[in-house]
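Number of protein chains: 2
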Amino acid sequence: MTAPDLSTAYDAMATRYAEDIPDRYHSSPLNHAMIPVFAELIRAAGDGLVADVGCGPGHVTAHLHTLGVNAFGVDLSPEMIALARAAHPKLRFEVGSMDALTADDASLAGILANYSIIHTPPGHLPVTLTEFHRVLAPGGYLLLGFQAYDGPDELAEPFDHLVSLAYRYSPDRLAGLLHTAGLTEVARLVISPAEDPRRGFPQAYLLTRRPAN
Amino acid sequence: MTAPDLSTAYDAMATRYAEDIPDRYHSSPLNHAMIPVFAELIRAAGDGLVADVGCGPGHVTAHLHTLGVNAFGVDLSPEMIALARAAHPKLRFEVGSMDALTADDASLAGILANYSIIHTPPGHLPVTLTEFHRVLAPGGYLLLGFQAYDGPDELAEPFDHLVSLAYRYSPDRLAGLLHTAGLTEVARLVISPAEDPRRGFPQAYLLTRRPAN
Numbered sequence: 001m002t003a004p005d006l007s008t009a010y011d012a013m014a015t016r017y018a019e020d021i022p023d024r025y026h027s028s029p030l031n032h033a034m035i036p037v038f039a040e041l042i043r044a045a046g047d048g049l050v051a052d053v054g055c056g057p058g059h060v061t062a063h064l065h066t067l068g069v070n071a072f073g074v075d076l077s078p079e080m081i082a083l084a085r086a087a088h089p090k091l092r093f094e095v096g097s098m099d100a101l102t103a104d105d106a107s108l109a110g111i112l113a114n115y116s117i118i119h120t121p122p123g124h125l126p127v128t129l130t131e132f133h134r135v136l137a138p139g140g141y142l143l144l145g146f147q148a149y150d151g152p153d154e155l156a157e158p159f160d161h162l163v164s165l166a167y168r169y170s171p172d173r174l175a176g177l178l179h180t181a182g183l184t185e186v187a188r189l190v191i192s193p194a195e196d197p198r199r200g201f202p203q204a205y206l207l208t209r210r211p212a213n
Numbered sequence: 001m002t003a004p005d006l007s008t009a010y011d012a013m014a015t016r017y018a019e020d021i022p023d024r025y026h027s028s029p030l031n032h033a034m035i036p037v038f039a040e041l042i043r044a045a046g047d048g049l050v051a052d053v054g055c056g057p058g059h060v061t062a063h064l065h066t067l068g069v070n071a072f073g074v075d076l077s078p079e080m081i082a083l084a085r086a087a088h089p090k091l092r093f094e095v096g097s098m099d100a101l102t103a104d105d106a107s108l109a110g111i112l113a114n115y116s117i118i119h120t121p122p123g124h125l126p127v128t129l130t131e132f133h134r135v136l137a138p139g140g141y142l143l144l145g146f147q148a149y150d151g152p153d154e155l156a157e158p159f160d161h162l163v164s165l166a167y168r169y170s171p172d173r174l175a176g177l178l179h180t181a182g183l184t185e186v187a188r189l190v191i192s193p194a195e196d197p198r199r200g201f202p203q204a205y206l207l208t209r210r211p212a213n
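Heads up: the protein sequence lines correspond to chains A and B, in order.
Counting in the UniProt record's numbering, the final residue of the first sequence is number 213, and the numbers go up one at a time with none missing.
Counting in the UniProt record's numbering, the final residue of the second sequence is number 213, and the numbers go up one at a time with none missing.
Okay, chain A solo, but in the shape it has when bound (with noise of 0.2 Å):
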């Protein structure tokens, strides 16, 4: 699927969306639970801007808000963004896509990408890593969320998804392309099968920090 295909598929989703994932998001501990760790390292860091990537309603932008990080979001689907805008009115939120960021080079603190490469074909992901380290201030960290997939040897498997073809990625191999895009993993947590009840699977997220200079 083509990103403006992508992002209608969206809007057709956006309002769906708003009502579930955040209640989601906030009623899980483990699904939320590295986004306090980011935002205290963003902090002692030095405070600088964080960039929510695939923001949709916003909900996790608002979140790193509450734990005192400057944080905005940007998604691809302007439905999501408005939804967005109307729940966090005193928040920014873009319409844009994580491949072509508007920030500066090396200007941000932080980059969040919760599931938001979930519909990143492998081929691409190494462009979509390489924006990420473009924009990343030296020392800024990046929290990528994702579903996992253990198998021994492939990036990723794709499954299907309610909005469009997704992919689950291997926590180690991803860990690999993130190397190789110039970012080094500073944790990753793991979550079992058991805690996603809708498909079973793992879940992961890889914090990694582009090197201080």
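Hints are not guaranteed to be accurate.
[Stated by the list, open to error] Computed, partial: chain B to chain A, Cβ under 8 Å: (1) L30; (2) I35; (3) P36; (4) V37; (5) E40; (6) A45; (7) G48; (8) L49; (9) A181; (10) E185; (11) A187; (12) L189; (13) V190; (14) I191; (15) S192.
Just so you know, the hints here were simulated from the structure itself, not pulled from any lab data.
Predicted model, so just to flag it, every value in this text is computed and none were measured.
Glycine included, C-beta positions come from ideal geometry on N, C-alpha and C.
Put chain B on the given structure of chain A with help from the hints.
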């Protein structure tokens, strides 16, 4: 080293530990990352009693309390327990062994063992894990934090430690022992070696659960 010797060794180190360890715990976001998640899960499961085994000067017991968890501390070292009581006079601390807890069968909502198996020889670990399983209520959580070993085959690697011979454990192999003891993995966090400036070891947290009846 026997349990009485270990107790004596920690007694001698207690004041120094009480000065350093709580600060290090609070100042490192990754070193306390799993505690709020553990606390949320305990509260969501109904607010039962939690044992912080190997509690040292009681800083994590106290953190759990500020997060709304009814936690008490247990430590082999009477001197450490005296310092914990002095620092947190409203909380409960008791001298005891994590291999012979005073709690009744199936009476605890959770156990935290934060770097407490560091001196447990690999061959003895099943005894300790069986004791943890005994006191956990069905549905109860065990959170185990430890220095990690990423070698391919071994359960553990010994290393020198200020107080006594220590061990770092393979997360995979330790997860296997936990499974054998009747505890199901819920999530694991692995922290990269660079985050441990002293020794350069990875660190890990295994969160497991005794299945609900």
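Against the structure, the hints come out as follows:
1. L30: OK, holds: L30 of chain B within 8 Å of chain A, min 6 Å.
2. I35: 10 Å, violated
3. P36: Holds - the Cβ of P36 of chain B comes within 8 Å of chain A, reaching about 6 Å at its closest.
4. V37: Result: holds, 4 Å to nearest chain A Cβ.
5. E40: 4 Å, holds
6. A45: 10 Å, violated
7. G48: 16 Å, violated
8. L49: At 19 Å from the nearest chain A Cβ, L49 of chain B fails the 8 Å test, so the hint is violated.
9. A181: Where the cut-off is 8 Å and the nearest Cβ of chain A is about 16 Å from A181 of chain B, the hint is violated.
10. E185: 5 Å, holds
11. A187: The hint holds - A187 of chain B has a Cβ within 8 Å of chain A, the shortest such distance being about 5 Å.
12. L189: With a minimum Cβ separation of about 5 Å from chain A (threshold 8 Å), the hint on L189 of chain B holds.
13. V190: 5 Å, holds
14. I191: 5 Å, holds
15. S192: 5 Å, holds
Going through the hint list in order, the structure does not satisfy hints 2, 6, 7, 8, 9.
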